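Counting in my numbering, the final residue of the sequence shown is number 199, and the numbers go up one at a time with none missing.
Just so you know, the hints here were simulated from the structure itself, not pulled from any lab data.
Possibly wrong hints are sitting among the right ones.
[To be verified] Per label pair, the in silico range of CB-to-CB distance: (1) Pro36 <-> Pro129: 43 to 49 Å; (2) Leu40 <-> Glu168: 28 to 34 Å; (3) His35 <-> Arg198: 46 to 52 Å; (4) Leu48 <-> Leu166: 31 to 37 Å; (5) Leu172 <-> Ala93: 36 to 42 Å; (6) Trp181 <-> His35: 20 to 26 Å; (7) Leu139 <-> Pro36: 32 to 38 Å.
Everything numeric in this text was worked out from a predicted model, so none of it was measured.
Even glycine gets a Cβ: it sits at the ideal position worked out from N, Cα and C.
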Amino acid sequence: MVTTSGSKNKLTHPHDCLKQAFFAALHATHGRRVVQEALPEHLDTLKGGISIIAIGKAAEAMYLGAQDILADRVRSALIITASRYRSQSTVTGPVQIVEGNHPIPGPESLQAGERLLQFAQNIPPEDSVLLLISGGSSAMVEKLPESVDLPFLQRANEWLIGSGMDIQSINTVRKRL
Numbered sequence: 023m024v025t026t027s028g029s030k031n032k033l034t035h036p037h038d039c040l041k042q043a044f045f046a047a048l049h050a051t052h053g054r055r056v057v058q059e060a061l062p063e064h065l066d067t068l069k070g071g072i073s074i075i076a077i078g079k080a081a082e083a084m085y086l087g088a089q090d091i092l093a094d095r096v097r098s099a100l101i102i103t104a105s106r107y108r109s110q111s112t113v114t115g116p117v118q119i120v121e122g123n124h125p126i127p128g129p130e131s132l133q134a135g136e137r138l139l140q141f142a143q144n145i146p147p148e149d150s151v152l153l154l155i156s157g158g159s160s161a162m163v164e165k166l167p168e169s170v171d172l173p174f175l176q177r178a179n180e181w182l183i184g185s186g187m188d189i190q191s192i193n194t195v196r197k198r199l
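Could you put together the complete structure from these sequences and hints?
Below, the structure is given as structure tokens:
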């Protein structure tokens, strides 16, 4: 039995402690809240209109956090995520949403890579760019060199993920591809 003295919230079971810690960790790392808290101290570096690129599992949440702070300053936005990481939130504003594959890159990841390049080329030179990247980005957005085809990349990623390597090591190999 675990109790906390002087607290309104008395935890009587270790399961309750773990559950509370889990939900506190989720809250502390939520993309929307993290961007809402971090962005204000950088507002003076963003000049003119703003184009947002948000990529990864938390892309939608991070975009929403930026939209909350930047509001009418956002001229355009591109969100790249996988369908299973889309939330029920209503994304508003001048935003395009593209879905890539995760955890193994697929055809949608290649299409997302092309859309990212097109989007970036169309950003007016006077705009600032806010780039928000979270986990999963390296699978969701791909632009392959001519020497690598998608089946090879997929086999390599399946092997890397199954190898037990940590994500930093996996990404080191992915960058080479």
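A quick look at each hint next to the structure:
no. : hint                         : in the structure
1   : Pro36 <-> Pro129: 43 to 49 Å : 46 Å, holds
2   : Leu40 <-> Glu168: 28 to 34 Å : 50 Å, violated
3   : His35 <-> Arg198: 46 to 52 Å : 48 Å, holds
4   : Leu48 <-> Leu166: 31 to 37 Å : 35 Å, holds
5   : Leu172 <-> Ala93: 36 to 42 Å : 39 Å, holds
6   : Trp181 <-> His35: 20 to 26 Å : 42 Å, violated
7   : Leu139 <-> Pro36: 32 to 38 Å : 50 Å, violated
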